[in-house]
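So the protein sequences, as listed, match chains A and B.
Just so you know, we're using the numbering used here here: the first sequence kicks off at 1 and counts up by one.
Just so you know, we're using the numbering used here here: the second sequence kicks off at 338 and counts up by one.
Please keep in mind that the hints were generated in silico from the structure rather than gathered at the bench.
Since this is a predicted model, take the numbers as computed values, not measurements.
Ideal placement from N, C-alpha and C gives every residue a C-beta, glycine not left out.
Everything hinted at is true.
Selected chain A positions facing chain B (in silico; Cβ < 10 Å):
1. Asp113
2. Leu115
3. Phe248
4. Gly257
5. Gly259
6. Arg263
7. Asp266
8. Leu275
9. His302
Pairs of lysine-lysine residues, derived as DSS-like cross-links and limited to a Cα-Cα distance of at most 27 Å, are as follows:
10. Lys13/A - Lys85/A
11. Lys544/B - Lys477/B
12. Lys198/A - Lys7/A
13. Lys617/B - Lys562/B
14. Lys477/B - Lys574/B
15. Lys379/B - Lys255/A
16. Lys171/A - Lys193/A
17. Lys177/A - Lys19/A
18. Lys562/B - Lys286/A
19. Lys562/B - Lys458/B
20. Lys570/B - Lys617/B
21. Lys215/A - Lys617/B
22. Lys255/A - Lys426/B
23. Lys171/A - Lys5/A
24. Lys286/A - Lys617/B
Pulled a few chain A residues facing chain B out of the computed Cβ check, cut under 7 Å:
25. Gly76
26. Leu78
27. Phe111
28. Arg112
29. Val250
30. Ala277
31. Pro282
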Amino acid sequence: MAAVKVKRNELPKLLEGAKAAGYDVFAPARAAEGWTFAPYQGGDVDLEGYLLTTASVKGFVLPQLEAFLSYDNDDGRLAPAPEGKRLLVGVRPCDARALALVDRVYRDRGFRDPLYLARRDNAVLVVWACGLPAPTCFCTSVGGGPGDATGADVVAYEAGDDLLLEASSAKGEEFLKAARFGEASDEELDEAKAIYAKVAEAMTPLWDLEAARPKLYENFEAEAWEEVASRCVSCGACTFVCPSCHCFDVVDEGKHGRGRRVRFWDACTQSPFTLHASGHNPRERKAQRYRQRVLHKFYYFHDNWGENLCVGCGRCVVACPANVDIREAVTLVAAEE
Amino acid sequence: MATEIKNAPLAETPLLPQPTTLERVVVETTAADLKSFYLKFKDGPRWDYLPGQFAELSLYGYGEAPIGIASSPTEGEELMFTVFNTEGKVTRALHRLAPGATVGLRGPLGNTWPLEELRGKNVVVIGGGFAFTTQRSLIKYVLANREDFADLTVVYGARSPGALLYKPELAEWEKSPELTLHLTVDKGDETWSGREGFVPTVVEEEKLPPDDAIALICGPPIMIKFTLPVMDKLGWKPEQIYTSLEMQMKCGVGMCGRCNIGPKYVCVDGPVFSFAELSKLPQEY
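Use the sequences and the hints to build the structure in full.
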């Protein structure tokens, strides 16, 4: 099965079908500010004006705060693996790509995180190809694109009144098969994809990363790091909205011998992140910390896995209260001689 | 089901500690700020480890701390950790424990001292202060597999005689024909008839030869800073000198993201690095 074709207004039928099949369905919905993934309440999914949710989908697989273990005196038990199946519809390609990158860390380094992987396995991501990127979007500059299927289970391409849904994983294939819609022809699919290829072409590349990447590392001591980080207030917003930032802190919460061990999102842009027990801190200054964030995205992760840890969603650019811009950071540091 | 999870290997449940019983505690220093904790897995021996590796010590309600394994796998089932009381939550609570208490362990974590490269070579251990712990593991390992290695030379220094770790063992080693031990303290006291002086000076005076040798150096940054130029003068190459690094860590398995030095994570790619490797990384540790 290559792909299925549904009318745009048949989408509710697909989602209701998924609900009936036991999925918790989430779709983009307007929030007080911007958009969020909310439980699907039935009816039409209005995506007019939707580009990105304010927070990425990472919270669905890596919750902001999670009790991964509970203890009663000396007896500790892992939290049971979450079981519910979820269907996330309207995910953008950048977010799905980010999860494929986080998989490297939580699955492929020789240690497998059971809670993360259960959530990952239980989630079907129906990615919505992007027809109208924002000025802050730069996915094509970091290896992604408006129709990128990396990390997706199904990719939805809009084609007039039709939606073409193409499976891009075994999970996605199974989901589409169960939904029983008519097949889309190869021609229809190619035609739809060609439109998104045009969207990609229209996005001007910011840099040639193959050339810029080694410069970023060579310029480890460059003055430009101080400059780009000078406005940073170390609030961590960039890391929290980032779909691929995956670092966490761990704390025990409880009293009288009973409690839970929780992990929660942490930020390399904040000073306690690397503070040693001795008081020594290898990344004491914010320029060092901002450099860490940029080099992790564009150099260190690439060194380990051959891919950038940035997906170009631009959320950090939007969220920063001080207008620190990661695109500008790469440009400035790579340009320094 | 819960039992299954509890016994699953670290690869599948990397954040779940395995329970051990604290068998005994040895106060190592006169200031009592360093104690050795001897632990035994509650359901028998659970993992194989090698000198240089570390584990996360877990106390429910307090948290976890990454600590180098000071025992050698050649010593039997007991695992030993020598812990400095930093007055942080975990180490303070550990220091208050009495035998019989339960301590959680996650490990073994990280890489090992370069055992393959050490095989057949002269082994030089240079230690200072309380960083000596995983070096002790290596020394015990070499002594237990003596025929696999050539000469074993140990330089070990501390601020004062009372700050030296493993004093009964040091006394044995001083007499042993199996190794050469150069003990030194910054400043002696009335109990001390041995050498006074800093570790770099001892390395210089003893002219420790680099021929067919590998050195393992651990200690305070200031000691390492002054010892490396001395070794350079003696002809040691950065490829021949290894150290073990510390960083703030939470998970120990490359996920929580705080112990990296450039692209290398101290928890999974280290803690042991050669100075040749470190020379290619940012000086950010």
